[in-house]
Amino acid sequence: MKSQQALNILLGIYIFIFFAYLFGPLVIMSITAFNSAEFPSVTPWECFSLRWFNEGKIAYDGQHLAGLATDWRLHEGLITSLQIGLGVVLLSVPIGLSAALVLTQVHSRFRTAFYSISIMPVLFPGVIIGISTVVLWDRIATMGGGGFATELGRNGIFLTILAQTCFISTYCFLIFVARLQRFDQTQEEAALDLGASQTQVFFKILIPYLMPAIASSCVIAFLASFENYNTTVFSILSDQTLTTVIASKVRLGISPAISALALVIILITLAVTITYEILRRREDKKKKKLAAEALFVQTQDSRLLRNGKSTSTIPKSIFVIIFIIIICIFGFNKLVEKGLYGSVCIAATEQEKQSNFAEQLKLLQNNAEVAGQTSSENGEADEKKEYDDIFGDPNLFKNFGGFDAKEEEEQETSD
Amino acid sequence: MSADVELQNVSVSFGNFYAAKNVSVKIEKGEFFSFLGPSGCGKTTLLRAISGFSDPSDGNILIGGQNMAGIGPNKRPTSLIFQNLALFPLMSVADNIAFSLEVRGSGKAERRKRADELLELVALSGQGDKKVHELSGGQRQRVAIARALAIEPEVLLLDEPLSALDLKLRQKMRTELREIQKRVGITFIYITHDQGEALTMSDRIAVMNQGELEQIGSCNSVYEAPNTPFVATFVGENNAFYGTISAVDGDMVNVSAIGNNFLAKAGDLGEGRKHTFKKNDEVIMFVRPESIFLKDQNNQADNIFTAAVKTVEFEGNLKNIYLSINEKQDVRCSVSNAVDTMDLSNSKNVELKFSSRDAIVLPVGPLAVD
Amino acid sequence: MNYFFNKNGPLISTYLLISIGFWIVFLIVIPQLYMLDLSFRPNIPPLLRGGPDDVYTLVHYKHFLFGSETSGESYNYVDIGVFLDTILTAILITLINLCFCYPIAFYIAKVASPNTARLLIVSLIIPFWINELLRSFALRILFAGEGFINNVLIKLGVIDTGINFIAMDVALYTGLNYAYILLMIFPLYNALETLDKNQLEAAEDLGSSMIRTHFRIVIPHAKAGIASGCTMVFMLTAGALATPVVLSSPNTFWFTQLIYQWFNMNDNWPRGAAYSIVLLSVSVVFVLLMMRIFKVKIGEIVR
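Protein chains in written order, with my numbering: chain L, 9 to 423; chain B, 959 to 1328; chain H, 298 to 600.
Just so you know, not all the hints are guaranteed correct.
[Unchecked claim] Facing chain B, from chain L, some residues (calculated, C-beta under 8 Å):
1. Asp201
2. Leu202
3. Ala221
[Claimed, not checked] Derived lysine-lysine pairs resembling DSS-like cross-links, with alpha carbons at most 25 Å apart:
4. H:Lys407 / L:Lys296
5. B:Lys1089 / L:Lys293
6. B:Lys1232 / L:Lys296
7. B:Lys1236 / L:Lys212
8. L:Lys297 / B:Lys1140
9. B:Lys1237 / B:Lys1286
10. B:Lys1130 / B:Lys1140
11. B:Lys1071 / B:Lys1033
12. B:Lys1286 / B:Lys1268
13. H:Lys304 / B:Lys1033
14. B:Lys1066 / L:Lys212
15. B:Lys1223 / B:Lys1237
16. B:Lys1088 / L:Lys294
17. B:Lys1236 / B:Lys1253
18. B:Lys1311 / L:Lys295
19. B:Lys1089 / B:Lys1033
20. L:Lys296 / B:Lys1033
21. L:Lys295 / B:Lys1223
[To be verified] Quick list of simulated restraints, FRET-style, between CB atoms:
22. B:Ala1027 / H:Asn412: 44 to 50 Å
23. L:Ile337 / H:Lys407: 57 to 63 Å
24. H:Arg513 / B:Arg1136: 55 to 61 Å
25. H:Ile456 / L:Ile286: 55 to 61 Å
26. H:Phe302 / L:Ala28: 43 to 49 Å
Keep in mind that the hints were calculated from the coordinates and are not lab data. Just so it is clear, CB atoms sit at the ideal spot from N, CA and C, and this is done for glycine as well.
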């Protein structure tokens, strides 16, 4: 048995390493969001600051490194993403539902074929779905001759909704199929027999039964749409979603503002998951209680004792929540200690830097004059230069795509 | 309101397979009628055809004299109670019962009133706000009945609704069902593979096998005067003796089997007619276990044979004695618990007797296999 | 068809037919067919389309194999190299992922208590609700020239100057591995969960060693899960774009990046379409191969 114990310990260590690998990068990224340095890092630690969540930074040379709250491109991308997400949910959930319903009705000879077609989009690489949608609609737009079809075919948001719906419908389809497998079809017949029309059966029996699946497929569809990049990057054309904005930002130079954004998303995810888990556990308990009651009635009725599952559970999530609360209190304390933006510390380091880079400042004077009156994206262009120096490799952010060209165009037009 | 149901040469086929073949039966108004048969005999198919979930491939179904062809289940004056009850798990008990009123657009108050009435009918007053899963098995059963009665059907169809209950509850529900039927006075068509259910509840029984009707009649006639070997063995227990006719004398025949000559009566053919036999016909003679007695010195009977005891089985109110006459022929005999069987040791040869009135002769045909 | 209308009623039938028709015909079949068609067309300005020059041609597929006519090479070593590199790396990453995830999936499915298992599953899901780009970004912070790992290593005195993880593709491979772990674990977990624990105990009782038990009982049982996980991870890795965008070195191209380049930078859509078809064919072949090797149906792969 000793070897068994050793094995268990090894397995424990392995699981620990696995989860460290899973969460480590995310934790470190989250921490970098609080470092005032303009390159996202833990070491060297400059100052504790919340500026990347807010206004960002006006560099010593005058350029503006946008923070989360002040980055209008992120905001616009977010709004576009929300619109697309909503559109995708509205399309893909009904499509997935109808495909799942038809699957239960088609003749068994065609079922495999129908199923295969329905799940095909998931097996296609995402880029291909994006590309095929774009090429098709470009053709339609060309043939449309400037009419409504042209407008539609050149609308990135519309195309992205279509392209994403193509494969997200499959996710919904699979969710519905799983739920329908457990559906008791005699319920439909019972309702029919009681005089309901087919439409009434659908709305009064089937839809209420599928409600949990509808809810989860809405959430899954929205999330899948929200974080999709591979398909969106092609179909979005000249628009920008949150993910494409993030992608272009990451490619142009990594800034702690992205860490800040990631942290916000992580926190939202955590909050949603924890709420969901608590609700689920509460529901479980309620169900167990009801089942116990029913069992009681039943045993009274038939005087037959049956085995009920009445294992009580200790909600381990409580510990997790307490842990999170402690961290929050600790973090808040730190915050109060250091001042909200760590302004004192930042001022000191800035001072130091300014004297250190006084020489360079002069060199960059010309640059600053140009950038002085500008908006943020000029800042980013300069930022890029700066980070190229940091990496010591000018090719690090290589231009293989159209982003850079596109951005320059945008700058020109906005100037 | 109650209606009669008439099946005219109804066949239901799936491809080459006939689930029901040429079934004709007239079920009277207000009757408790059962279709009895082993699983897969086509009784459920027939019920689904009556309720409108499947169309007969041939023949007509008339309810209250009206042909039901092309009328969907939601338009027929029938109501079906499903084997698994098919209660709506997401609705309360009252909502379940009032569902048929809801889909017809009745108001809330009316629905509530009707639900309460029906809950009272099935002795579930005050349980309307519970969810279905909070009820016990027997209570669910009653909810299903109440729900089916809510549309005021002319015919109530029941598809083995008691099969999920345990024995005691099942027996209790039989009585209740019968009482409810008397109270509402509508036609009940009941489907079961359990002869006990059919015999205790029904006015008339139709025995089915492999999609075809074997016999229609009262409980008594089905049990006492089976028309076919299948009915003889499916309804109740029976001993089958294969043999040949040695003499015919009106309704009485002489059968030679297991080396003996027995006197027996010719079986019924239905509609008051009897099977007719001639000499050397191959036949089966049926004698029920409770009609075979251990012979004692002081009484005589027209039929006597000898068999060796194999085992004696205790079954509460009676005892089953299993004997064998030769390698091929076993025989079972049921005696009251009061009979002393202490001296029936293994392999002991005993004399058995039965009356010619209890022996029924039918032409050779398939038996019901357990 | 009549039966269908009877069963669903006119309103619902119409809804079902329209939405499925729209999806299958308009979103799935026609775009792919049109892309296939486009990949055989020459790259000409929109105005000339439908004109005399618009004929079917294999020029784009030829380019993928043999390179442009002006180049001296007999084969298009660059593109084929990128292609093979992508496929082989994807296969390698899939295998690594499988080995990496199997113990975890087994632990959650068969060893852990139900509550622990639930907790672990939730903690597995959380990271994957976060955008792939952001996860790659997190790795970039770790692997950057002045990133976390280099700084820690330098501080510990292991190395003197920073290691360029990105140029070495370490960052890219780790990122691809990291990105799709969940899609390997879940099919494995689902398959292993249905394994009867008694079988394991019986095997142990009969004196089978642990490794033998896994190879003879657990792995055959998890066959469909393994096929499913491998297919999903391979597909996503080979078709990945977000992770290579963030983490690939200047010298390494992922095949999707090549497609992207033809589309957005060089504005040669037919060639991009042709390259897409190449990628798509590999995907289809891979799925068929997995189905053949593991003898599973397509329905068992995608669940």
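Outcome of the hint check:
1. Asp201: holds, 5 Å
2. Leu202: With Cβ-Cβ at 4 Å, under 8 Å, it holds.
3. Ala221: The hint is violated - L:Ala221 has no Cβ within 8 Å of chain B, the shortest such distance being about 13 Å.
4. H:Lys407 / L:Lys296: holds, 24 Å
5. B:Lys1089 / L:Lys293: holds, 16 Å
6. B:Lys1232 / L:Lys296: violated, 62 Å
7. B:Lys1236 / L:Lys212: violated, 65 Å
8. L:Lys297 / B:Lys1140: violated, 39 Å
9. B:Lys1237 / B:Lys1286: holds, 24 Å
10. B:Lys1130 / B:Lys1140: Holds. B:Lys1130 to B:Lys1140 sits at ~16 Å (cutoff 25 Å).
11. B:Lys1071 / B:Lys1033: holds, 24 Å
12. B:Lys1286 / B:Lys1268: Holds, at about 14 Å.
13. H:Lys304 / B:Lys1033: Within the cut-off at roughly 14 Å; holds.
14. B:Lys1066 / L:Lys212: holds, 16 Å
15. B:Lys1223 / B:Lys1237: The given pair, whose Cα atoms are some 14 Å apart, holds under the 25 Å limit.
16. B:Lys1088 / L:Lys294: It holds: about 14 Å lies between the C-alpha atoms, which stays within 25 Å.
17. B:Lys1236 / B:Lys1253: violated, 31 Å
18. B:Lys1311 / L:Lys295: violated, 62 Å
19. B:Lys1089 / B:Lys1033: With Cα atoms ~28 Å apart, B:Lys1089 and B:Lys1033 exceed 25 Å; violated.
20. L:Lys296 / B:Lys1033: violated, 40 Å
21. L:Lys295 / B:Lys1223: It is violated: about 63 Å lies between the C-alpha atoms, which goes past 25 Å.
22. B:Ala1027 / H:Asn412: 44 to 50 Å: Violated, since B:Ala1027 and H:Asn412 (Cβ atoms, about 59 Å apart) do not stay within the stated range.
23. L:Ile337 / H:Lys407: 57 to 63 Å: violated, 39 Å
24. H:Arg513 / B:Arg1136: 55 to 61 Å: 59 Å Cβ-Cβ, so the 55 to 61 Å window holds.
25. H:Ile456 / L:Ile286: 55 to 61 Å: violated, 46 Å
26. H:Phe302 / L:Ala28: 43 to 49 Å: violated, 58 Å
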